[in-house]
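Visitor: Let the sequences and hints guide you as you build the complete structure.
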Amino acid sequence: MSVEVGTARRESAVHVRPMRAEDVHSADQVMRLAFGTIRGLPDPSAAFGDAESVRTRFRAAPDCAWTAEVDGGVVGSVFAARWGSFGFLGPLSVHPRLWDRGIGGRLLLPVLDAFASWEVRQAGLFTFADSPKHLGLYQKHGFWPGSLTVVTAKETGRMASRSYSLASRELENRQGPVLDEIRELMDHNFRGLDLGREIVAVNEQGIGDTVLVRRDGTLEGMAVCHCGAGSEAGGDTCYVKFGAVRPGEGAAMRFEGLLDACEAYAAESGLRRLVAGVNTARLGAYRSLLARGFRTERIGLAMRLRPEGPHFDTPAHYVIDDLR
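Numbering follows this note's numbering, in which position 30 of the sequence shown is assigned residue number 1219; successive positions increment by one, without gaps.
It should be emphasised that the hints constitute simulated quantities derived from the structure, not laboratory data.
Remember, predicted model here, so these are calculated numbers, not experimental data.
Among the hints, a few may not be true.
Claimed, not checked - Calculated lysine to aspartate or glutamate pairs in the EDC-like style (CA-CA distance at most 20 Å, straight line):
{"id": "1", "residue 1": "K1322", "residue 2": "D1289"}
{"id": "2", "residue 1": "K1329", "residue 2": "D1319"}
{"id": "3", "residue 1": "K1343", "residue 2": "E1445"}
{"id": "4", "residue 1": "K1329", "residue 2": "D1289"}
{"id": "5", "residue 1": "K1343", "residue 2": "D1449"}
Guide: Set out below in structure tokens:
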């Protein structure tokens, strides 16, 4: 996502560079202020509450974060994620007093260079569906609109059984058969898709876990979940950052089993809310969420770098993500 709208007075030259550890606090403040301002919050700096994204993403991948600097101070930042052959960017934010200065476009350049060097098959982002400025910014840099992305949530209920396992218990020194199992499952959804770095980061930071659903020894579904304050979920919430099941015959039932497992994990973790986002082009997955009582909290737009290229936003894909 990006925030760069409005007017601003002329300032000193902007320098875009890789983010450093000492930038993280300022980048977090700017990000909250920017999104809080565009949302019209009474106290924009309080946006996102006790949820974290700047700190968690920098810790997970410090080589995938950049800042915009003016007179030695951080005035914006952007993050990218490398999921094997798929990449996405966000959040992208700029201090409100510098909106409409072209800083968002400057921040996009190292991200596009990274996507090219990674040789990703596809890249995407989530942005405001009702903002011509955001669409114009991303279209100028090669991203084009796809389908709407809906962020949904529901209250967790009592689940009768633990029909899942957790990746944290199977990981061994950042490696292990479980990561190979997950890569094999992801290959069926999108060749080369790899959530390994995300899974390891969540485990190492202690901000959640990865839910695994197997049947007869075969991995049928997985979901990377953030839990509670200090994660991307925020207090009392379990956020499914990414989830997927094996496509093909029976995928709808496998998806129901994965949602059961995510809700059970959230409830057993003492969390009241379960949040999951989905691209509406994955119609079966979207309908399943609605049928289970998930209600829409936010609507955004998915944009792709290669609009005619390969992707996993089709009715055949039972995948949870929102690319925020």
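Visitor: When you check the alpha-carbon spacing of K1329 and D1289, does it fall within 20 Å?
Guide: holds, 14 Å
Visitor: Are the Cα positions of K1329 and D1319 separated by 20 Å at most?
Guide: Holds, at roughly 17 Å.
Visitor: Take the C-alpha atoms of K1343 and E1445, compute the straight-line distance between them, and say whether it is at most 20 Å.
Guide: Distance ~15 Å between K1343 and E1445 Cα, so the pair holds.
Visitor: With a cut-off of 20 Å on the C-alpha distance, tell me whether K1322 and D1289 pass.
Guide: holds, 9 Å
Visitor: Would the hint linking K1343 and D1449 be met if the CA-CA limit is 20 Å?
Guide: Roughly 12 Å between the alpha carbons, so the hint for K1343 and D1449 holds.
Of the numbered hints listed earlier, not one is contradicted by the structure.
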